[in-house]
Amino acid sequence: MAKVVGEIIIDIERCKACELCIQACPEQTLALGKSLNHKGYQYVVKVNDNCTGCVNCAIICPDAVITVYRKVLKTKQVETT
Amino acid sequence: MAVDNVDVLVEDVVKPENLVYRRPSTLLDVELHYCPGCGHSTVHKIFMEVVEEMGIQNDIIGVAPVGCAVFAYNYMDVDMQQAAHGRACAVATGIKRMLPDKFVFTYQGDGDLAAIGGNETLHAANRGENFLVIFINNAVYGMTSGQMAPTTIEGMVTTTSPYGRDPKTMGWPLKFGELIAPLPGVAYVTRQAVNTVQNVRRTKKALQRALEYQKMGLGFCLVEIVSNCPSNWKMTPIESNNYVQNVLIPYYPLGDIKVPEVKK
Numbered sequence: 001m002a003k004v005v006g007e008i009i010i011d012i013e014r015c016k017a018c019e020l021c022i023q024a025c026p027e028q029t030l031a032l033g034k035s036l037n038h039k040g041y042q043y044v045v046k047v048n049d050n051c052t053g054c055v056n057c058a059i060i061c062p063d064a065v066i067t068v069y070r071k072v073l074k075t076k077q078v079e080t081t
Numbered sequence: 001m002a003v004d005n006v007d008v009l010v011e012d013v014v015k016p017e018n019l020v021y022r023r024p025s026t027l028l029d030v031e032l033h034y035c036p037g038c039g040h041s042t043v044h045k046i047f048m049e050v051v052e053e054m055g056i057q058n059d060i061i062g063v064a065p066v067g068c069a070v071f072a073y074n075y076m077d078v079d080m081q082q083a084a085h086g087r088a089c090a091v092a093t094g095i096k097r098m099l100p101d102k103f104v105f106t107y108q109g110d111g112d113l114a115a116i117g118g119n120e121t122l123h124a125a126n127r128g129e130n131f132l133v134i135f136i137n138n139a140v141y142g143m144t145s146g147q148m149a150p151t152t153i154e155g156m157v158t159t160t161s162p163y164g165r166d167p168k169t170m171g172w173p174l175k176f177g178e179l180i181a182p183l184p185g186v187a188y189v190t191r192q193a194v195n196t197v198q199n200v201r202r203t204k205k206a207l208q209r210a211l212e213y214q215k216m217g218l219g220f221c222l223v224e225i226v227s228n229c230p231s232n233w234k235m236t237p238i239e240s241n242n243y244v245q246n247v248l249i250p251y252y253p254l255g256d257i258k259v260p261e262v263k264k
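So the sequences go chain by chain: H and R.
For the first sequence, position 34 matches number 34 in my numbering, and the numbering has no gaps at all.
For the second sequence, position 120 matches number 120 in my numbering, and the numbering has no gaps at all.
Take these hints with a grain of salt, some might be off.
Straight line, CA to CA, 35 Å or less: simulated DSBU-like cross-link-like pairs of lysine-lysine [to be verified]:
| no. | chain 1 | residue 1 | chain 2 | residue 2 |
| --- | --- | --- | --- | --- |
| 1 | R | K205 | H | K71 |
| 2 | H | K46 | R | K234 |
| 3 | R | K215 | H | K3 |
| 4 | H | K39 | R | K102 |
| 5 | R | K15 | H | K46 |
| 6 | H | K71 | R | K15 |
| 7 | R | K215 | R | K175 |
| 8 | R | K234 | H | K39 |
| 9 | R | K205 | H | K46 |
| 10 | H | K34 | R | K234 |
| 11 | R | K175 | H | K39 |
| 12 | H | K34 | R | K175 |
| 13 | R | K205 | H | K74 |
| 14 | R | K234 | H | K3 |
Because the hints were derived from the structure by calculation, they are not lab data.
Note that this is a predicted model, so its numbers are computed, not measured.
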């Protein structure tokens, strides 16, 4: 079974913490972090590895700070008994 | 990271061949001055994506308005001209007539297009000028701190309508798309929004269609985009997008208002 793995890169200095990506993410992968960037916004960080590279966060992001990568993994089928 | 007990290195995923989304190269690599969550930034981004995908960066000329988007030329890496308040359509008419082979667009807010520039826009539409007007409708004057606009909906509180807009004294909200759609010179009128991922994708398609109609020389195209203004509505970006969905979109229904018949 093929498994899709996504990875996002966030340009934290340009993030304005509007939280639209957090709402748009179907996997609850994004959340506000605890640190601040130089403008004083509590920028968004990735909190788990559930990302599938669906691009929702990048499309809704007004400031275009998110870059998305996606890779399809071919894993061996596990036999279940 | 681990997916189903299979270890995957981040370096294996972050490779150029796996790239699925990046900032469009036609959007200049600078910070946008807009407030957090503003629809203007989203529209800048998707319009520049359309320009990049169509490969027309050197063949498109834009006209920036007066309003929050007055610095659009600092972000869009295409040829731009700044017009006086409300006169973007008049300037675009001149550009398109002198350079008919180029794509021309104006980018205007509701104060610029529907209030002070109503006359210019209406007559450009009536002349059937062959350019694209991107109309950002956020129901308020954003840059001057939230006064009532012609498009402010009934009962909406702004700084100049503190008890809500009363149509008896302040008139009804202007539906500019429906107003110009019956004119024979108008080719394409559509209303879209940028409050959800699905709506952003639809808006991008509408902008692309409008540029294709312009290439065919069909006439005036208006893409109205219902947007938010978190700062002047005094809401968080998420609340403002919900307000767009629950209050503005019922009054300004989304969809195509006029579509040209294309001969193939």
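Hints, verified against the model:
no.	hint	result
1	K205/R <-> K71/H	holds (26 Å)
2	K46/H <-> K234/R	holds (28 Å)
3	K215/R <-> K3/H	violated (42 Å)
4	K39/H <-> K102/R	violated (39 Å)
5	K15/R <-> K46/H	holds (19 Å)
6	K71/H <-> K15/R	holds (9 Å)
7	K215/R <-> K175/R	holds (27 Å)
8	K234/R <-> K39/H	holds (21 Å)
9	K205/R <-> K46/H	holds (30 Å)
10	K34/H <-> K234/R	holds (24 Å)
11	K175/R <-> K39/H	violated (38 Å)
12	K34/H <-> K175/R	violated (44 Å)
13	K205/R <-> K74/H	holds (33 Å)
14	K234/R <-> K3/H	violated (43 Å)
The structure fails to meet hints 3, 4, 11, 12, 14 from the earlier list, while all remaining hints are met.
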